[in-house]
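*Asks:* One letter stands for each residue in the lines below.
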Amino acid sequence: MRKGDVDNAFKRCTSIVEQRFFLPPSDHLAMEVRTARAQILSDGNVLITTSSQAPYSVRKQLAEAFTIPAGKIQVKVPFVGGGFGGKAPVTLEILAYLASRSVGGKAVRLTIPREQDMASMPCRLGLEALIKIGADENGLIQAADLTYWLDCGAYTDISPYMSKAIAMDCTGPYHIENLTCDAMCVYSNHTYSTSFRGFSHEGYTFCIERALDMLAKKCSIDPLEFRIRNAIREGSTTPSQVGYSPSLIGDLKKCLTQIKELAKWDGGNANAIKKNTVKAKGIACFWKTENPPTDAISGAMITFNPDGSVNLNTGVVEMGSNGQTHLAQMLAEKLKVDASQVHVVTSVDTRTAPEHWKTVASLTEHMAGHAVVRAADDLLSQLRSNGAQAFGCAENEIEVANSRVFNRNKPEYYIEFKDIVQGYKSNTGESIGEPVLGRGGFMLKGLSMLDRQTGKGQTGPEWTLGAQVVEIEADISTFTYRILNATTVIDVGKVINPESMTASIMGGMSMGLSLASRECSTHNKNGIPNHPNLRTYKLLHIGQEPKYHVGFVETPEEQAPYGVRGFSEHGIIGMPAALGNALSNAFGKQLTKLPLTPETIWRTEQGGINS
Amino acid sequence: MIAFDFDYYRPATLDDAVDAFLQAESKGGDALYYAGGSEIISMSRVGSIEPSAVIDIKNIPECSDLIIDKKHLNIGSVCTLYQISESNLFPLMKLSCGRIADHTNQCRITLGGNLCGSIIYRETSLPLLLSDAHITLYGKDGKRKVPFDSVFNGRMQLSSSEMIVKIHIPIWALSAPYFHIKKTANEKIDYPLISIAAIIKGDYIRIAFSGVCSFPFRSKKIEKVLNDRSNSIKNRARRAISLLPDEVHSDGESSGEYRLFVLENTLLEILKRWENGRI
Chain A
129 MRKGDVDNAF KRCTSIVEQR FFLPPSDHLA MEVRTARAQI LSDGNVLITT
179 SSQAPYSVRK QLAEAFTIPA GKIQVKVPFV GGGFGGKAPV TLEILAYLAS
229 RSVGGKAVRL TIPREQDMAS MPCRLGLEAL IKIGADENGL IQAADLTYWL
279 DCGAYTDISP YMSKAIAMDC TGPYHIENLT CDAMCVYSNH TYSTSFRGFS
329 HEGYTFCIER ALDMLAKKCS IDPLEFRIRN AIREGSTTPS QVGYSPSLIG
379 DLKKCLTQIK ELAKWDGGNA NAIKKNTVKA KGIACFWKTE NPPTDAISGA
429 MITFNPDGSV NLNTGVVEMG SNGQTHLAQM LAEKLKVDAS QVHVVTSVDT
479 RTAPEHWKTV ASLTEHMAGH AVVRAADDLL SQLRSNGAQA FGCAENEIEV
529 ANSRVFNRNK PEYYIEFKDI VQGYKSNTGE SIGEPVLGRG GFMLKGLSML
579 DRQTGKGQTG PEWTLGAQVV EIEADISTFT YRILNATTVI DVGKVINPES
629 MTASIMGGMS MGLSLASREC STHNKNGIPN HPNLRTYKLL HIGQEPKYHV
679 GFVETPEEQA PYGVRGFSEH GIIGMPAALG NALSNAFGKQ LTKLPLTPET
729 IWRTEQGGIN S
Chain B
3 MIAFDFDYYR PATLDDAVDA FLQAESKGGD ALYYAGGSEI ISMSRVGSIE
53 PSAVIDIKNI PECSDLIIDK KHLNIGSVCT LYQISESNLF PLMKLSCGRI
103 ADHTNQCRIT LGGNLCGSII YRETSLPLLL SDAHITLYGK DGKRKVPFDS
153 VFNGRMQLSS SEMIVKIHIP IWALSAPYFH IKKTANEKID YPLISIAAII
203 KGDYIRIAFS GVCSFPFRSK KIEKVLNDRS NSIKNRARRA ISLLPDEVHS
253 DGESSGEYRL FVLENTLLEI LKRWENGRI
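Each protein sequence line maps, in turn, to chains A and B. According to my numbering, the stretch in the first sequence is residues 129 to 739, in order. According to my numbering, the stretch in the second sequence is residues 3 to 281, in order.
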């Protein structure tokens with residue numbers, strides 16, 4: 129990315145921070161390991177059942193790799209036991225297909241033990257960064273020179289998209305007019321990496337937000353205040369030169385003002401509690417836009433049951449992110465019925481469900497939401513047609529609500545859904561209207577590839593931003609600590625389901641704290657993973673989580689159904705940075721490396737800057 | 003999954019168990035006595051071990067005692083960590099057994115398994131090293147009862163076909179002043195960076211360590227230093243960490259240097275508590 133005039137801008141800076149950061153790779157650790165089942169029927173049809181976030185990718189890759197017509201491949205995905213991006217790549221399905229083919233098409237199920245899932249299936253990428261940012265005497269950031277190196281492991285997979293994703297959002301949600309950023313994928317002999325919750329945002333955010341705290345300190349400004357001062361706003365542009373609007377990006381100042389209260393922000397300084405014990409808070413902001421193919425699609429099909437309830441069929445995979453519930457809510461809202469009237473087809477079958485690009489990128493509510501809303505409009509239009517014919521009035525006089533169809537001017541005469549959704553039979557036995565079948569298709573529009581020289585362009589339909597605070601209690605003599613509180617305030621556009629959205633955010637926060645405080649996939653000097661097992665790989669356990677607090681800001685995204693922004697991943701994004709900032713405040717040392725274990729903090733104390 | 007076939011024996015007597023062992027070995031493979039089996043499963047899954055036979059000794063009555071008689075607390079080798087802990091019969095043992103694993107595994111890991119397994123920590127050995135305990139073994143040459151520390155030098159030194167039947171802890175130890183502390187890298191339940199058990203007998207501190215080296219140990223040299231009241235607490239702790247029987251352990255949990263840092267701090271803490279009468 130190249131924006132403005134970085135060299136001259138740095139000359140204006142009275143405070144400059146230049147720092148390296150390092151994050152090792154880690155693992156998704158979904159509760160269910162990867163597994164796939166393949167069978168080839170006697171007519172040549174291939175049937176795959178798999179734990180995957182991307183059934184349509186499975187179909188496509190099998191078709192291309194083995195030159196099978198795509199129509200002869202059927203992929204089914206039941207409920208997935210956690211994905212977190214790790215089940216977006218096509219992996220075991222290929223091997224299961226080959227295994228089935230080698231035994232004449234008999235059904236073959238391929239399941240790998242946890243140890244192999246950790247060692248050879250794709251993981252979360254490692255990251256190194258060199259961050260240089262400068263501010264003037266008013267504490268306003270003038271320039272940023274950022275370099276990111278992604279450890280993508282032995283295979284490329286989608287790592288270039290992740291370097292693009294980092295470049296798109298590389299500065300964080302701030303007003304920075306002069307920017308140069310290079311994000312590069314690097315092959316290594318490590319387990320290859322793929323999408324992970326946050327799509328590399330949790331990684332670069334640690335680097336930039338740690339640097340911002342260091343810069344705020346140099347400017348002698350409260351870190352929260354510093355972020356308010358530099359928050360992205362009217363007149364700002366993103367790293368890729370997209371102009372700010374509240375609808376497109378959201379309101380960071382509001383999030384910061386709200387979190388100041390919710391987290392009882394106190395400047396971030398270490399407060400001595402008793403001998404050798406301090407408490408400290410750390411803050412970080414985050415944002416994220418998406419990087420789908422510019423022509424990604426989604427769809428929805430709706431049919432009625434004889435009792436007037438509806439069946440909703442989409443290509444969205446359910447893996448705990450609750451996307452299907454939100455889609456059902458949107459449909460219920462459109463039809464003005466209770467959500468209990470919507471029966472979601474919970475497992476995906478590529479033979480019958482309209483294609484949804486992949487269940488990734490927190491784009492379910494946007495893409496599939498649009499498709500559902502269009503399908504609902506389609507239903508309403510047909511219901512009005514049936515109703516107009518039944519009542520002998522104009523279509524625009526027909527109202528649909530509470531599972532009834534009626535003439536707005538004579539609401540006391542109504543027809544229940546159950547009597548009209550499959551066509552209508554009048555008292556005299558006359559057939560009227562048609563059975564109602566709803567369909568809606570959606571394709572992303574208006575997105576672009578990035579300019580080769582400057583990176584200018586827009587890769588996703590919107591941004592979602594927010595602020596996070598972590599509070600810890602630390603023993604400064606033993607370098608141990610406990611995480612007490614973790615807070616997020618996120619601008620979600622519209623809170624369509626407070627409980628499930630809160631739970632999503634909390635789940636993300638938990639993953640972020642776990643990966644920042646403990647997780648680390650290491651390899652020996654022969655490139656062999658050291659700890660591909662849950663006996664010795666560290667992650668956060670029940671009983672060690674902090675208290676979680678979640679608040680919402682609602683700046684509607686005008687192009688999204690019901691104004692909802694993507695949010696499912698986002699709880700994770702600023703957590704490593706906020707924890708790093710809190711611990712740096714507590715120990716008075718600049719922590720620049722994950723994981724933030726007592727030993728790594730001790731080492732920083734011992735040896736100056738981490739190697 | 004365990005990808006190889008193996009035989010399972012379930013004897014009802016000590017003799018039957020030894021017979022099963024000899025029979026399995028005569029077929030040319032490796033036999034393992036076991037009770038909980040958690041380590042066998044973990045290691046077999048990844049191909050680190052490939053026993054031809056496992057001999058389940060949980061049904062042998064002598065192996066499941068958990069009882070105090072006139073002179074000793076007797077703990078059978080198939081007692082689980084949870085059972086030992088919950089019995090409250092020996093407070094120091096309760097602490098040493100109490101935080102080895104998560105609850106599911108505490109109900110499965112046994113005293114015998116923890117002592118004989120290949121995982122290096124063997125935290126249940128610490129109170130046994132400190133309390134002049136005895137151990138009853140049984141093998142093809144019959145039964146023998148010997149001091150625990152004569153057949154344990156960091157790991158169990160058993161002859162082939164020998165199994166642990168039970169251990170015997172003298173009564174005096176059950177009510178002696180004691181201290182236990184376990185430091186982990188970050189988690190509450192985890193392998194130790196260091197696990198220390200201490201007993202005071204006649205105003206003399208006895209102390210044993212797990213996690214510090216690649217085997218658990220009791221060191222008379224270190225005890226001498228720690229009991230030397232003519233030296234300051236700080237000097238005693240500093241001197242003690244230079245007297246380890248082997249190089250400090252370094253692994254995925256932590257490096258050796260950090261472990262030494264934690265050890266020195268912990269020894270200071272223990273000495274301070276002892277001085278203040280809080281042990």
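Simulated from the structure, these hints should not be mistaken for lab results. Just so you know, not all the hints are guaranteed correct.
Subject to a maximum C-alpha distance of 35 Å in a straight line, what follows is the list of computed DSBU-like cross-link-like pairs (lysine-lysine) [to be verified]:
hint : chain 1 : residue 1 : chain 2 : residue 2
1    : A       : 403       : B       : 236
2    : B       : 96        : A       : 403
3    : A       : 388       : B       : 190
4    : A       : 345       : A       : 675
5    : A       : 346       : A       : 139
*Asks:* Determine for every hint whether it applies to the structure shown.
*Replies:* How the hints compare with the structure:
{"no.": "1", "hint": "A:403 - B:236", "result": "holds, 18 Å"}
{"no.": "2", "hint": "B:96 - A:403", "result": "holds, 30 Å"}
{"no.": "3", "hint": "A:388 - B:190", "result": "holds, 31 Å"}
{"no.": "4", "hint": "A:345 - A:675", "result": "holds, 28 Å"}
{"no.": "5", "hint": "A:346 - A:139", "result": "holds, 16 Å"}
Checked against the numbered hints given earlier, the structure satisfies every one of them.
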